[in-house]
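Listed below, chain by chain, are the residues.
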Amino acid sequence: MRKKFILIFLLISLLFSGCGAQEDAKENKTVRIAEQFGIAYAPIQIMKHQKLIENNLYGATVVWEQMANTTAIREAMVADKLDVGFMAIPPFLIGWDKGMEWKIATGLSYVPVGLVTKNTIGSLADFGTDDRIALPQPGSVQHILLSMACKDELGDAGILDNNLVTLSHPDGLNALMAGNEVTAHFTATPYLETELESSEYDLLLDGREVFGQDFSFIVGVTTDAFYQGSPELYDAFVLSVQEAVDFINQNPQEAAAILSEYYDMTEEEILKHISSEKADYNTTAVGTRKFSDFMVEAGYLSKGYEDPGDIIWEDVKYEE
Amino acid sequence: MKSKIKKEHLKFIWIFVLLAVWELTARFGPVNPISFPSLAVIASALWESVITGDIISQIWFSMGFILTGLLTAIILSLVLASISTFSELMDSFTDTLVSVFHPLPGIAMLPLIILWFGTGSKAIFIIIIHSVIWPMLLNLKSGFKSVPEIYRKIGQNYEHSMAGILFKIFIPASLPFGLAGIKIGWARAWRAVISAEMVFGATGGKGGIGWYIFNKRVFMDTPGLFAGLIVIIGIGILVEDLVIGKIENSTVKKWGTSQ
Chain A
1 MRKKFILIFL LISLLFSGCG AQEDAKENKT VRIAEQFGIA YAPIQIMKHQ
51 KLIENNLYGA TVVWEQMANT TAIREAMVAD KLDVGFMAIP PFLIGWDKGM
101 EWKIATGLSY VPVGLVTKNT IGSLADFGTD DRIALPQPGS VQHILLSMAC
151 KDELGDAGIL DNNLVTLSHP DGLNALMAGN EVTAHFTATP YLETELESSE
201 YDLLLDGREV FGQDFSFIVG VTTDAFYQGS PELYDAFVLS VQEAVDFINQ
251 NPQEAAAILS EYYDMTEEEI LKHISSEKAD YNTTAVGTRK FSDFMVEAGY
301 LSKGYEDPGD IIWEDVKYEE
Chain Y
1 MKSKIKKEHL KFIWIFVLLA VWELTARFGP VNPISFPSLA VIASALWESV
51 ITGDIISQIW FSMGFILTGL LTAIILSLVL ASISTFSELM DSFTDTLVSV
101 FHPLPGIAML PLIILWFGTG SKAIFIIIIH SVIWPMLLNL KSGFKSVPEI
151 YRKIGQNYEH SMAGILFKIF IPASLPFGLA GIKIGWARAW RAVISAEMVF
201 GATGGKGGIG WYIFNKRVFM DTPGLFAGLI VIIGIGILVE DLVIGKIENS
251 TVKKWGTSQ
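Here the protein sequences line up with chains A and Y, keeping their order. Everything in the first sequence is counted per the working numbering, starting at 1 for the first residue and increasing by one. Everything in the second sequence is counted per the working numbering, starting at 1 for the first residue and increasing by one.
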């Protein structure tokens, strides 16, 4: 009996210990990037289409992974299934705060982001307990901007936290248009513009106005393991992002033509969005300090960063 | 060697073994503390959620939903099952309903439910009813069918009305089936609520235990996530062993209609 017990115990421990063992033999010329869609992520699509990383480093292979959302990307990076992810600054800071070894490698873009509401709602104070605000997820940049506005206008950052519904941008648009209890949607280009075309909806909050300064909507983040382990690939990646961003800024027409192959939008629409004065493709990472300070104050982070070098890799352009 | 350890105690020993393996792996295994926190960290996260009252009010919220949904579904299925025993036509109708809807998981209907009912409490309520009513109806119908014809005839001899026959004969005689249906219904309702909350987010007021777990995930609070899972396991054991177990002991087991 006892022997059997010990045997089973050992078997179970074996079972568990297998979970953690990672295959160390990672080919050092492969970079795994999460592919994401949307106007804000346009440089990624250009980078993929023009094979910029492959051209910048001979023999490099890029594995493009499909991920559902920022949380999934972050989890994949914890599990060492992904080297590079693109996301907004708040989800990055949440991971950093929890001890993830990763830093910002590049800025990427700013696109218009804001809170669209039914025009019966004239201010944040008008939200009742039955009103629902759709946004991608708690802890997203949309959620943090909403909290900032709540703090400014109503004195409590978390006052609307229990009115949130987590819906992807397209689902959020449908839910808002369906006219049930979702009466507001914190979203970004191009969903923002589509919703505002209807006279029933107004822009209650504008991201930049709430934030009070410019900020990077999306930044590129890489794991410590990738930065340390594959410096050549890291350099090629950063250079490629820069080239993709330059390409969009210098040849918006051509970029729109490429993007229209991948996105479910016409070339004209894409051109309008990427060349809009409000959009900005830029590799400088902007606004980390203000996000960090606010998120610490509101309790979304347990600690802020001291030195920009804590959260941003060397030689990356930034404006706090 | 004859085992003197009681069955219930054996369960606790196994839980202890599993916990020990967990702790050893977390401490000495090649695992990332972000994805595999130690028991102490999980326990303190759980304790913190209990102290701040978050998790308690969120469980309360989920349970309230489940209880009302469960009750409504039980009443609805009782009505449907009763009609079916007295009418051949209705019997085939409810059979069809069960065979169409029973295999359909509530979560698969979510997109449709969002379109029709939005994402509020109404939607969650519908998902619960859908998850409970079909297994409940299936069980009740087989329960009613298992009642010997002679019982019904005895009821008729006593000149009971249809309702009398139903409440005095059919329901007590088929109680083991009904209870099995409640067991399945409870488990399915509990799952449905958690998954629905994790998809929509909060559903009115504070949101329930699913929303709690979802929030822990997006804020990367893995110990908190495990705390939520432990609470779910705890409630599952509590309801199945204590609540439903008690009801069985004081009814079907006491009457000797079931073991």
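The hints are simulated quantities; they were obtained by calculation from the structure and are not laboratory data. Some hints could be false.
[Claimed, not checked] The list that follows gives simulated cross-link-like pairs (lysine-lysine, BS3-like), each with its CA atoms no further than 25 Å apart: (1) A:K98 with Y:K216; (2) Y:K254 with Y:K168; (3) Y:K122 with A:K118; (4) A:K81 with Y:K122; (5) A:K303 with Y:K216.
[Stated by the list, open to error] A few chain A residues that face chain Y, going by a derived Cβ cut-off under 8 Å, partial list only: (6) A79; (7) K81; (8) M177; (9) N180; (10) V182.
No experiment lies behind these values; they were computed from the predicted model shown. Every residue gets a Cβ at the ideal spot worked out from N, C-alpha and C, and that includes glycine.
| task | Kindly indicate which numbered hints from before are broken by the structure, ordering the numbers from low to high. | result | Hint check: 4, 7 and 8 fail, others pass.
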